[in-house]
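Protein chains in written order, with our numbering: chain A, 15 to 127; chain B, 8 to 123.
If you're looking for bench data, these hints aren't it; they were derived computationally from the structure.
Heads up, a few of these hints could be off.
Just some of the chain B residues that point at chain A, by a computed CB distance under 10 Å [said to hold, decoys possible]:
1) Tyr38
2) Arg51
3) Glu60
4) Asp63
5) Tyr71
6) Phe97
7) Thr111
8) Pro116
Heads up, simulated DMTMM-like pairs for lysine to aspartate or glutamate below, C-alpha to C-alpha not over 20 Å straight-line [to be verified]:
9) A:Lys87 / A:Asp100
10) A:Lys87 / A:Asp40
11) A:Lys110 / B:Glu110
12) A:Lys110 / B:Glu37
13) A:Lys110 / B:Glu86
14) A:Lys110 / B:Asp63
Every value quoted in this text rests on a predicted model; they were computed, and no experiment measured them.
The beta carbon of each residue, even a glycine, is placed where N, CA and C say it ideally should be.
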Amino acid sequence: AQTVTQSQPEMSVQEAETVTLSCTYDTSENNYYLFWYKQPPSRQMILVIRQEAYKQQNATENRFSVNFQKAAKSFSLKISDSQLGDTAMYFCAFMKPLLVMRFGAGTRLTVKP
Amino acid sequence: EAQVTQNPRYLITVTGKKLTVTCSQNMNHEYMSWYRQDPGLGLRQIYYSMNVEVTDKGDVPEGYKVSRKEKRNFPLILESPSPNQTSLYFCASSPHWGSQGQETQYFGPGTRLLVL
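Using the sequences and the accompanying hints, generate a full structural model.
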C-alpha cells in the first residue's frame, strides 16, 4: 500500500526567507501523481503544486518549487521569499490512478514577521 | 462560479442518529471523493466514485455509506454515527481521466461534525 510521510510536524521561517518542507512516499507504482496542498486557518484545501511521476523536470509555480527524486521517493516543497500569507498547514499527497489518494500527516508552517 | 458545495458546514449530533452530508459540484466532473481529516493523520479517503452508480471504498469506509445517483451529487451517509466519527469532512471532485487537469481535485469547504 502507498504511504506518505511528512517528518516535520511544525516549521517556522522568517518572512522573505526560504523554507523547504520534506515528504517521502512509498509505492511500487510507476505511474502516479504527487501534490502539495495548503490549508490555511479557513480550512480550505488549496492546491499549491503538482508533479507527474513520469516527468523528470521539477514543477514550479511562482515562489513554489519541488525537488522530485523518484528513485529516492522524495518530494520536497521549497517556498522562496516566504510571505505571511504562506502560514498554513501543508499536506503532501500521492495519487495512484484512478483516484486513490493518500495524504501525509501535514506540516504546520509559520511565517514570522 | 465553479465550485464544490457541502451542507451542512457544521453539525452537532448524538450517537446513533442517522445523518447525511450533501456534496454537489457544478463542473460536470466524473470523479468525486470523500475524505476525513483528523489531527496527526492528515486526510484519509473514505469513498470515491468514478461515475454515476460506480463507487469504491477508500481507506476508512467503515461506518459510512455513499450513493451516486446523479453526476453532480455525492452524499455521505452515517447510518449510526459514533463519537469516533467526529471529524472534519471534505468532498472533492475532478474531471474524467484523459482530460486536461484530470488529476486535480477541487475540494469543498469542509463539514465539521461532532458526535456526542
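Each hint tested on the structure:
Because the smallest distance between the Cβ of Tyr38 of chain B and any Cβ of chain A comes to about 5 Å, under 10 Å, the interface hint for this residue holds. Taking 10 Å as the C-beta contact cut-off toward chain A, the hint placing Arg51 of chain B at the interface holds, the least distance being around 7 Å. Checking Glu60 of chain B against chain A by beta carbon gives a least distance of about 16 Å; that is not within 10 Å, so the hint is violated. A hinted interface residue such as Asp63 of chain B counts as satisfied when its beta carbon comes closer than 10 Å to some beta carbon of chain A; here the least separation is about 8 Å, so the hint holds.
Against a cut-off of 10 Å between C-beta atoms, the interface hint on Tyr71 of chain B is violated, since the closest Cβ of chain A lies about 16 Å away. At about 6 Å, the closest approach between the beta carbon of Phe97 of chain B and any beta carbon in chain A falls short of 10 Å, and the interface hint on this residue holds. At its closest, the beta carbon of Thr111 of chain B sits 6 Å from a beta carbon of chain A; the interface hint therefore holds under the 10 Å criterion. Annotation: interface hint on Pro116 of chain B holds; nearest CB of chain A at approximately 6 Å, less than 10 Å.
Distance restraint check for Lys87 of chain A and Asp100 of chain A: the Cα-Cα separation of roughly 25 Å exceeds the 20 Å cut-off, and the hinted pair is therefore not satisfied. Annotation: proposed proximity of Lys87 of chain A to Asp40 of chain A holds, straight-line Cα distance about 7 Å (limit 20 Å). For the suggested pair Lys110 of chain A and Glu110 of chain B, the alpha carbons sit about 9 Å apart, so the restraint of at most 20 Å is met. Between the alpha carbons of Lys110 of chain A and Glu37 of chain B the distance comes to roughly 17 Å, so the proposed pair stays at or under 20 Å and holds.
A threshold of 20 Å between alpha carbons decides the hint, and for Lys110 of chain A with Glu86 of chain B the separation of about 30 Å lies outside it, so the pair is violated. Taking the CA atoms of Lys110 of chain A and Asp63 of chain B, the gap is near 14 Å; set against the 20 Å cutoff, the hint holds.
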